[in-house]
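Trainee: So the protein sequences, as listed, match chains E and H.
Residue numbers for the first sequence follow my numbering, so the first one is 1 and each next one is one higher.
Residue numbers for the second sequence follow my numbering, so the first one is 1001 and each next one is one higher.
Simulated from the structure, these hints should not be mistaken for lab results.
Mixed in with the good hints there might be a few duds.
Quick look at which bits of chain H chain E covers, simulated, 3 or more residues with Cβ under 8 Å [to be verified]:
| id | region |
| --- | --- |
| 1 | 1200-1208 |
| 2 | 1215-1225 |
Which residues of chain E face chain H? A partial, calculated answer using Cβ under 7 Å [as the list claims (entries may be wrong)]:
| id | residue |
| --- | --- |
| 3 | A26 |
| 4 | M66 |
| 5 | A92 |
In silico contact screen, one side only, chain H against chain E (beta carbon under 8 Å); selected entries [to be verified]:
| id | residue |
| --- | --- |
| 6 | P1050 |
| 7 | R1051 |
| 8 | T1123 |
| 9 | R1126 |
| 10 | A1139 |
| 11 | C1197 |
| 12 | L1211 |
| 13 | A1248 |
| 14 | V1250 |
| 15 | A1253 |
| 16 | A1257 |
Here the structure is a predicted model, which is why all the values come from computation and not from measurement.
Every residue gets a Cβ at the ideal spot worked out from N, C-alpha and C, and that includes glycine.
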Amino acid sequence: MTRDDLATLRSTLAACEMLQLVDVAARTVLIADSAVKLGQEHHDALCTQAAAIFAPARADPPGCAMMAGPMGTRVFVASPVDPGEVLCGVFAPGAELSAVEPAVRALFARRAEA
Amino acid sequence: MCAPPPSPDLQTALARTAAFGLSPEVRFAAQSGEEAIVFLLDQVKTCQLPRRVTVTDGQAENLVADAAGGRLLRLVSVGDTAQAHAFSDVLGRPLNARSDSDADQVAACLRAVLPDATTLVVTTARLDSAEGHTGAGLAPAQVLQALGFVPADPDPAAKLDDLICAAEDVLIALYTGRGETRLFRPEAALPDPLLACLARLLAEPGGLIDLVTPGDILFLTGISDLPHGIGLVRTPDGPAALIFDAEAGVDLAAFWAELPLAP
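Okay, chain E solo, but in the shape it has when bound (with noise of 0.2 Å):
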């Protein structure tokens, strides 16, 4: 997956602050695209939240997570290529939440084949 593959598609979902791509087991930010340019700090608590959700030694890891609430919705797709990465989004209230699981699929399955 490339920066372009994140750009592209957060200009597809509405109300989509931030996407980037991250390795929960090395709890690294892999690519990342914003609306506007961050400080490192951002993208680390991100990938943080995204670490403690998917961590690998949890019993229950989920296959898709959305933290909800008066500061957005952050949401995180787990691939179901390599669980150990994740898509993480941030959108602002009035986002259309439905669209964004089927399109982040979709983006992983066209990269495990391409």
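Go by the hints and put chain H onto chain E.
Mentor: Just chain H now, kept in the frame of chain E:
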């Protein structure tokens, strides 16, 4: 005849441009001052990442503010010199969500800056320093409450009741950290693997409930082979989990994110 869709390369270039905060301006013809303020606060809500928001009437600058996390971090300046003097106490300093006077001062400032019907032009740009992404700043709902446009914020328990009431068709049960279950479908039974999973999420050290702050719900779907979705939430009585039809997760998350914001 429609123009051909942009090529992928152009789409990428446009997305890259947006990535540096050069998003197009937004225009809105407000029919009243109140409508103008509500529109401006709606724009603030879309600023999850740090941004500088500039409001003009198409010619002169009315207001400059910083926003992040869907909140108003600070009022930077107002265009009118007399207003700048009148609101000098609130301009240029961080806004505090726990201060009632901050919400009142911002409300008064917005009323003065946007008193009548006008065409607003709102532009956003990146902030030179990323700051205050969590916690700081005034929620738009606090300003709306100070203006008297919306009723006072309900308490967290009332918000959860609102969610339960609105989603009764898709909710199966509410499970508490003490192991108590409130079934919304009398015929439903929670299978043992689900109960074991709930106990791990809510009660074990390092359980995912530790990630959930008051006001948030963590919705989980696609857990093992379970057909259920789980929403972890903190209630006044302690941690709890909503169990629901997995496909309803996105609708529940969207509903919760749209409920009035807590300070």
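Trainee: Does H/A1139 meet its interface restraint, that is, does its C-beta lie within less than 8 Å of any C-beta in chain E?
Mentor: Holds. Min distance 6 Å.
Trainee: Is the hint on H/A1248 kept, meaning its closest Cβ partner in chain E is under 8 Å away?
Mentor: Status violated, d = 10 Å.
Trainee: Taking 8 Å as the limit, does the beta-carbon of H/A1257 come near enough to a beta-carbon in chain E?
Mentor: holds, 4 Å
Trainee: So, H/P1050 near chain E? Judge it on the closest CB pair being under 8 Å.
Mentor: At 6 Å from the nearest chain E Cβ, H/P1050 passes the 8 Å test, so the hint holds.
Trainee: Regarding the hint that E/A26 lies at the interface with chain H, is the smallest CB-CB distance below 7 Å?
Mentor: Violated, because the Cβ-Cβ distance from E/A26 to chain H comes to roughly 19 Å (cut-off 7 Å).
Trainee: Is the shortest C-beta separation between E/A92 and chain H less than 7 Å?
Mentor: Holds, because the Cβ-Cβ distance from E/A92 to chain H comes to roughly 4 Å (cut-off 7 Å).
Trainee: In terms of beta carbon proximity below 8 Å, does the region 1200-1208 of chain H have 3 or more residues touching chain E?
Mentor: holds (count 3)
Trainee: Holds or violated: H/R1126 as interface residue toward chain E, Cβ cutoff 8 Å?
Mentor: With a minimum Cβ separation of about 4 Å from chain E (threshold 8 Å), the hint on H/R1126 holds.
Trainee: Under 8 Å, Cβ to Cβ, is where H/T1123 needs to be relative to chain E, so tell me if that hint holds or is violated.
Mentor: The hint is violated - H/T1123 has no Cβ within 8 Å of chain E, the shortest such distance being about 13 Å.
Trainee: Tell me if the interface restraint on E/M66 is satisfied: Cβ within less than 7 Å of some Cβ in chain H.
Mentor: holds, 4 Å
Trainee: Let me know if the C-beta of H/L1211 comes in closer than 8 Å to any C-beta of chain E, holds or violated.
Mentor: holds, 6 Å
Trainee: So is the region 1215-1225 of chain H in contact with chain E by the C-beta rule, three or more residues under 8 Å, or is the coverage claim wrong?
Mentor: holds (count 10)
Checked against the numbered hints listed earlier, the structure breaks hints 3, 8 and 13; every other hint is satisfied.
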